[in-house]
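Protein sequences, first through last, are from chains G and B.
Per the numbering used here, the first sequence starts with residue 1, numbered consecutively.
Per the numbering used here, the second sequence starts with residue 433, numbered consecutively.
Anything over 10 Å on all C-beta distances counts as not near chain G; from chain B, calculated: (1) H447; (2) G454; (3) R501; (4) A567; (5) N568; (6) Q607; (7) L623; (8) R643; (9) A656; (10) P681; (11) L696; (12) P734; (13) V744; (14) L778; (15) P780; (16) P790.
With a straight-line Cα cutoff of 20 Å, these simulated SDA-like cross-link-like pairs (lysine to any residue) come out: (17) G/K244 - B/D453; (18) B/K514 - G/Y329; (19) B/K514 - G/S340; (20) B/K514 - G/V330; (21) B/K514 - G/T339; (22) B/K514 - G/W341.
If you are wondering where the hints come from, they were derived from the structure by calculation, not from laboratory data.
Just so it is clear, CB atoms sit at the ideal spot from N, CA and C, and this is done for glycine as well.
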Amino acid sequence: MAQALDPHAAIVTTASGAEDGKLTTADGKPLAWALKRSQLKAKRRAFLLVLPLLAFILITFVIPIGQMLQRSFYNDGFSANMPQISQWFAENERGTPPDEAAWTALANDLIASAEDRSIGVVGTRINYDVPGTRSLFTSTGRKVRRGIEPPYREALLEIDEEWGDSRLWSAMRNAATPVTANFYLASVDRTRTDDGSIQQVDERQRVYVMLFMRTFWLSLLITALTFVLGFPVAHLLATLPMRKSNLLMILVLLPFWTSLLVRTTSWMVLLQQQGVINDILVWLGVIGGGQRLQMIYNQTGTIIAMTHILLPFMILPLYSVMRTINPSYVRAARSLGATSWTAFRRIYFPQTLPGLGAGALLVFILAVGYYITPALVGGSSGQLISNMIAMHMTDTLNWSMAAALAALLLASVLILYWLYDRMVGIDNLKLG
Amino acid sequence: MLDNSTGDAFVAFDHVQKSYDGKTLVVKDLNLFIDKGEFLTMLGPSGSGKTTCLMMLAGFETATHGEIRLDGRPINQVPPHKRGIGMVFQNYALFPHMTVGENLSFPLEVRGMAKAERESRIKRALDMVQMGDFANRRPAQLSGGQQQRIALSRALVFDPGLVLMDEPLGALDKQLREHMQFEIKHLHERLGITVVYVTHDQGEALTMSDRVAVFDDGRIQQLAAPSDLYERPENSFVAQFIGENNKLPGTIEELSGDNALVRLSSGELIDATPVNVTEKGQKTLVSIRPERVEFKPEMMPPNAHMIDAAVVEVIYMGDILRARLNVAGADDFVMKMRNTQGQTRLEPGQKIKVGWHPADARALDPI
Chain G
1 MAQALDPHAA IVTTASGAED GKLTTADGKP LAWALKRSQL KAKRRAFLLV
51 LPLLAFILIT FVIPIGQMLQ RSFYNDGFSA NMPQISQWFA ENERGTPPDE
101 AAWTALANDL IASAEDRSIG VVGTRINYDV PGTRSLFTST GRKVRRGIEP
151 PYREALLEID EEWGDSRLWS AMRNAATPVT ANFYLASVDR TRTDDGSIQQ
201 VDERQRVYVM LFMRTFWLSL LITALTFVLG FPVAHLLATL PMRKSNLLMI
251 LVLLPFWTSL LVRTTSWMVL LQQQGVINDI LVWLGVIGGG QRLQMIYNQT
301 GTIIAMTHIL LPFMILPLYS VMRTINPSYV RAARSLGATS WTAFRRIYFP
351 QTLPGLGAGA LLVFILAVGY YITPALVGGS SGQLISNMIA MHMTDTLNWS
401 MAAALAALLL ASVLILYWLY DRMVGIDNLK LG
Chain B
433 MLDNSTGDAF VAFDHVQKSY DGKTLVVKDL NLFIDKGEFL TMLGPSGSGK
483 TTCLMMLAGF ETATHGEIRL DGRPINQVPP HKRGIGMVFQ NYALFPHMTV
533 GENLSFPLEV RGMAKAERES RIKRALDMVQ MGDFANRRPA QLSGGQQQRI
583 ALSRALVFDP GLVLMDEPLG ALDKQLREHM QFEIKHLHER LGITVVYVTH
633 DQGEALTMSD RVAVFDDGRI QQLAAPSDLY ERPENSFVAQ FIGENNKLPG
683 TIEELSGDNA LVRLSSGELI DATPVNVTEK GQKTLVSIRP ERVEFKPEMM
733 PPNAHMIDAA VVEVIYMGDI LRARLNVAGA DDFVMKMRNT QGQTRLEPGQ
783 KIKVGWHPAD ARALDPI
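Full structure from sequences and hints, please.
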């Protein structure tokens with residue numbers, strides 16, 4: 001064997017000389033184990049460095065979002081406070097008319113819950129499914145605390161006729177188990193009938209599917225618009241001489257440094273019916289004074305404002321990719337006989353695809369979850385699904401519904417991300 | 433001064449000027465006529481205007497003034513894709529999203545060539561550079577030298593009459609560069625194409641070219657065959673730029689036909705050949721190649737002047753020995769000796785006398 005000049009080479013030759021095929025170090029320890037051990041300390045130190053950030057993300061991001069998403073399928077507002085009737089629902093299958101045992105269980109639960117002062121929570125939970133029932137629970141609670149005598153069926157019906165409503169009993173059965181798919185069903189405009197089958201809700205109440213479709217359609221449109229508007233700007237940024245491109249870059253970034261509210265409200269100033277653009281059009285005589293265009297508080301307003309706000313997210317990834325494309329590629333294509341259009345289409349454009357993919361994904365995902373701008377300039381036809389989520393969070397206080405809608409939104413974005421990875425490859429993504 | 437008449441030149445630069453900013457000229461009155469089948473190199477330091485000339489010929493820059501003709505046809509207004517000129521770029525410019533085969537197919541596709549014809553041509557072009565097995569690889573999977581060959585075959589696949597090369601070997605290591613120089617040279621000879629080659633590497637220019645145009649300050653300083661350029665530089669810039677060179681400043685003492693006697697600033701007299709000096713008393717810069725300096729009197733022609741020199745250091749370089757001498761008050765005078773059996777080994781501090789054949793010392797314009 002040749003004499004090893006390099007000290008490392010000595011280890012290598014020893015290591016490769018092991019009999020059982022596995023590499024070992026000079027003192028006979030397995031090579032893989034020795035390598036791991038030698039790197040352990042460095043790894044531990046590196047982990048300690050990122051530990052604070054990890055803890056921060058866990059506490060402020062992962063856990064709250066997890067808890068919120070849990071509400072979309074887990075709500076024990078009824079089952080925890082009404083254990084006896086929940087038990088009865090579990091023992092008797094769907095469709096069984098409530099017998100005396102059921103009425104007794106219900107009355108006992110109502111008394112206990114009223115004593116506990118948790119009757120409001122119970123009412124709120126049933127109110128999600130049957131609007132207007134919260135007061136039924138609270139008022140009944142007040143009365144049963146004063147005393148209630150069997151037979152409970154008659155006693156409760158005497159307090160309120162509504163206790164005999166089959167929709168109420170169906171809603172209570174649905175709420176009797178804490179884990180439920182009902183919020184997801186409601187998120188896609190479906191509901192469970194009395195016999196347990198799933199059907200579409202009333203045509204007048206179908207709103208969520210339409211909103212999801214609108215959200216995706218508008219997001220796609222906005223993504224396409226940012227591409228059409230942003231591509232030439234990114235190209236200019238990448239090819240202009242340094243001083244001019246810096247100035248242009250500041251203009252592109254300027255919206256980033258301006259408050260979202262300021263930007264959105266300035267669109268209101270521009271677009272409203274008595275606004276700058278309408279005034280100019282009337283002054284130019286393009287439209288008559290009585291035909292002022294409705295450009296805001298509808299979908300048009302949402303599209304214009306969101307395209308403007310999301311434009312930098314398309315420009316920056318495109319720019320970062322275009323900057324790395326050597327101009328000699330296009331020159332080479334031209335010298336090989338391609339017209340400038342062919343050179344662009346076949347040589348330049350394909351090389352910008354990683355940036356385009358990143359920009360499109362970024363804009364689309366941001367647009368799908370956009371809230372403030374559609375809320376301010378969208379009117380009723382420009383509302384997106386996020387506005388509905390916000391409404392459930394702040395107005396109806398149906399957090400489970402908000403969580404279910406948000407979970408669906410999250411899932412669809414993740415599916416898109418997965419599709420993108422499958423088709424383009426996430427490694428090709430260039431965010432900057 | 434040019435050996436072509438303007439009429440039958442294949443490529444002609446006729447009083448071409450180029451300015452980028454409207455204030456300074458990057459190319460000042462360029463007149464250059466290139467024959468069909470010639471290998472012409474534009475050599476010069478960066479910023480000398482050589483690449484601008486190449487870009488004007490390729491059509492990526494427009495001439496501010498003057499006319500460029502290709503095969504007798506003015507091409508100032510012809511867009512690059514209609515010029516039919518092959519080009520090899522410094523960074524190869526192989527399209528990274530296409531395979532080697534697709535790269536070669538591109539110029540044929542845009543010319544609307546049928547698939548069968550394309551394939552036979554691609555195969556031929558790849559075989560020509562011994563890369564026949566690489567058609568399905570991506571450029572990123574190839575080494576620098578392989579990419580270079582693909583770039584070359586892509587520039588040749590559509591049979592252009594003229595091929596431009598913009599420092600094509602700049603990114604390769606020394607050994608590969610020398611190998612590729614011969615390969616390009618042989619391709620040129622075999623295919624009979626006209627090549628305009630831009631480089632700042634004088635060794636490359638001397639090895640490959642039929643003629644070399646030395647650029648500086650937007651002008652051609654000298655246009656000549658490599659041997660003329662090296663042995664008979666016409667001015668100080670060319671003498672400095674091509675190869676290693678000793679320069680001795682002095683004044684013309686006597687001038688008679690093709691012989692000049694130059695008095696150096698230290699008072700000593702040397703022989704030289706007058707090149708662009710015209711009268712006695714004129715300041716001059718005498719240029720001598722290090723390998724033409726002799727220190728053995730028996731190698732010198734009779735009556736040649738020899739001057740005193742002191743050895744400062746001797747560097748052993750393998751094939752040659754390189755001695756740095758103190759001559760006429762400056763210690764940057766270099767002498768090269770072949771490392772032959774029995775060659776005299778000089779020692780630092782040794783006093784010797786050096787001289788040269790008058791034909792090898794050229795009295796040029798002072799810088």
